[in-house]
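Line by line, the protein sequences are chains A and B.
Here the first sequence stands for residues 1 to 423, where the numbers follow our numbering.
Here the second sequence stands for residues 1 to 439, where the numbers follow our numbering.
Warning: the hint list may mix true and false statements.
Unchecked claim - Partial chain A-side listing against chain B, Cβ under 10 Å, derived:
(1) LYS20
(2) THR32
(3) ILE60
(4) GLN382
(5) THR405
(6) GLY406
(7) MET410
Unchecked claim - Below are the PhoX-like pairs computed for lysine-lysine, each with C-alpha atoms no more than 25 Å apart in a straight line:
(8) A:LYS54 with B:LYS33
(9) B:LYS30 with A:LYS54
(10) A:LYS57 with A:LYS20
(11) B:LYS112 with A:LYS57
(12) B:LYS220 with B:LYS303
(13) A:LYS20 with B:LYS75
(14) A:LYS415 with B:LYS395
No lab work stands behind these hints, which were simulated from the structure alone.
All residues carry an ideal CB built from backbone N, CA and C; glycine is no exception.
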Amino acid sequence: MERKKHIIIGCGTAGLSALKQLRKVNTEDHVTLVTMESHRPYSPTSLPYIISGKISKPDIPMVMDDFFEQMNAEWGRGKRVTSIDPKKCEVVYNSHSSDSYDSLLIATGSEPIRPSLPGLDHKQVFYLRTLDDAAALMNQMDCSRTAVILGAGLIGMHVAQCLAAKGIQVMVVEMLPRIVPAYFDPDASLMIQRVLEKHGVRFFTDSRATGVAWAHTGVEVSLDGGDVVQADLLLVAAGVRPRTGFLKGSGIEIRDGITVNSEMRTNVSNIFAAGDVAEARSFLTGKKGLNPILPNAAWQGKVAGSNMAGQKMEYDGWLPMNTFNYFDHLAVSIGKAVPSEGDEALVETDADDGYYRKIICTEDRMTGAAFLDTHVNAGVFQYLIRQKVPIGKHRKRLLAAPRETGLWLMHQAEKKATISREE
Amino acid sequence: MKTFYDTLRIEENSCPPGCAACRKRCVEVKREKGSYGTGIQDYHIPDMNIHMANTCNQCSEPACADVCPTGAIEKDVHNGIVRIREPKCLGCGMCDLACPYGGIDFHPGSRKAVKCDLCDGDPRCTDACPAHALLLLNARSIVQHFHEDALLSGSSLCIGCAAEIILRFVLRVMGKDTFLFGAPGCATNVLNGQGIRSMIRIPSHMSNMTSVPSTMTGVKRYYRKMGQDVRCVAFVGDGCAADVGFQPLSGAAERNENIIFICYDNEGYMNTGVQRSSTTPFGGWTTTTPAVGKRKGKRMSAKNVPLIMAAHDIPYVATAVIAYPEDFLMKLLKAMAVKDGMSYIHVLSPCILGWGFGASASLDVSHAAVETNYYPLWEYERGEYRLTHKVDNPKPISEYTRLLDKFAHLDNEGLEELQGIVDKCFQRIKALTGLSLTL
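Just chain A, with the same shape it has in the complex (with noise of 0.2 Å):
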């Protein structure tokens, strides 16, 4: 049989979930990673970590030093992509060198969003997305005492998290009235905002800035409710979005990121886009729709490694889900965060211990959760959730114990999957 030739462009969570699997169902074909970074393949997601000092720079790699070799893969580092000929089915490579290929992933997860705001072209804002700008960032953060950071998202609630931690004063600056819009809910996100409060974080939600101005001594943030913050450190975490650039004119179809079918697969038939560059299908609500966090990078990185080795795999749908650990807290959140009409809500909250937990039931079965200090196993939830096992009379006891229920619906619903009686 002749040797396909597969080029994965980017070495995140989805370039290498993609490689594993070509390889796990496939071993002759030849593959080829490229990334744009010279160092070994990291996430994006260790970052928040480095900077806390909770893990060394030695540690992050995803994978072993003889990865590539073991997976017999090339690897071409220091590669950027400038633009891909879906005709002639060609990447070109520093805008000098190219390369053919039988099918294509393009798993080139995402870039910060830089706000057009006057002040913020400067060379002293901060962003977190590369190890670089990791090691940017400590190096300025060594000689700050206050920092302001742009968007209360999970990116800039971590690194305010970091930063206090390390005696720093820490503004926060958000448009929306709340933190960490995405994953939690007004009540939750006031609590999580409460326990930052405690540890010298300060919270200006609601707020807009209208300016960033420069000084010597710093940098002067005005805010459109006429407040001005003045601070050592500037950080911008607005949030990411694909990372397409090189993709234009090329004929692949992107809306908000590279929309792709339940096989990953672009407009391109034999163009795949997995991870958060890509534009797939929410769980929730059917639509499609971006979604840039880790699990699911994994997954879709999976189910196109498998669709470019001829083995036909399906993408059910990425669901939000996220975990928080800020200061001695923990937060989790599983599919939606608020309901939506015609949902049950039911929330259970002690301000004494702090905890809260919420759960949304759309009819029988359960679409969202949230746990704020509670020792719950996340990933039961998501198993309910995804396998839309009904919970039925159990939505109170899910509340009251929810460990020990999700693990015991979880169990049952196992059961039932392998002793499928015949009535």
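Use these hints to put chain B onto chain A, whose structure you have.
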């Protein structure tokens, strides 16, 4: 064969209320190793009387490893254990978010992920459990006895049929120098082949039901005359062993021929359309013992062929099920070791079609048969009876019959009568094991 690994099995809902012995032991062991947290969790829902434990499944494709942002989680290809390399663990929680089975836990102190590593192959929690609910299933010790698979794939047996797995298991253990004998039955196509294709890769012969033991006798003696020790193994159904071919079987046992006779007992004539046989149990539905109106399945209890075989005083007799493969393996090895006479193994082979259960439940049904003492696992070795798998708290027979449509018509009265038969039969075997001790 790398994909066979050991598993820690947790007996469903059999923990004592409030018990945390396994978790406490695990915490101790982890601490001894300089680690933290626990790899096993007890959980209790007292008002529903649910008391269970939960641990990592050591998945073949672990979702936790797929999502780990630092590649800290790896499956050991040698023993299948999924391990976390602690220095690399961020404590980000992605693994916990990805694992559908609750196999990962966060240690609150260190905020790092913790999981079961089977204590590198000898899980210490198993001794700590007062209810003996934890058991390490040694797949690896089975696999090391395996030879090349002598059966090809794609037989015409029903999907999920236990008989095919049983035969495959037997041949894997027996290896080369095995001559397989069969008789008309479900396994006919396996032996004869379908069309121009046979699915068996060792010598095999199918004879009439009434001549299997005598054919084996001839073949065995011929090979011996040629100076070769060939293992002659019969794989026949209960129709042949218990009914039609019983006389020659008894004859071969009386002559103590050096053959291994294995009966896969599906409790009826299943390939001809589910008729009763002498091993069909009391109350069991078949087309010839229907359950309509006053008729409630078979009225007589089953013939206990292995006990009859033991009464011939041949060197080795055993009962087995495929759901306890270590036990089955041990019995096959003992049978193979017998060079001075006959061995007989009676294997329960749940029939999807004739018993009425889902295609994926053969093993669950076999398991329930043993756990209710419906089908006790015992052996008779050179004069001594032994129970090879003691069931501490046998479940009521309804736990077995509820899985099967062939008992669906049984009312409480019928169940009680069946329970009585099961108890009596078990007591008889138990008494025999006591007898051997006093001898």
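Checked hints:
1. LYS20: holds (8 Å)
2. THR32: Constraint on A:THR32 not satisfied, violated at 20 Å.
3. ILE60: holds (5 Å)
4. GLN382: holds (7 Å)
5. THR405: This hint holds: A:THR405 lies near chain B, its Cβ roughly 7 Å from the closest one there, short of 10 Å.
6. GLY406: At 7 Å from the nearest chain B Cβ, A:GLY406 passes the 10 Å test, so the hint holds.
7. MET410: holds (7 Å)
8. A:LYS54 with B:LYS33: holds (21 Å)
9. B:LYS30 with A:LYS54: This hinted pair holds, its Cα atoms lying about 21 Å apart.
10. A:LYS57 with A:LYS20: holds (24 Å)
11. B:LYS112 with A:LYS57: holds (18 Å)
12. B:LYS220 with B:LYS303: violated (29 Å)
13. A:LYS20 with B:LYS75: holds (14 Å)
14. A:LYS415 with B:LYS395: holds (18 Å)
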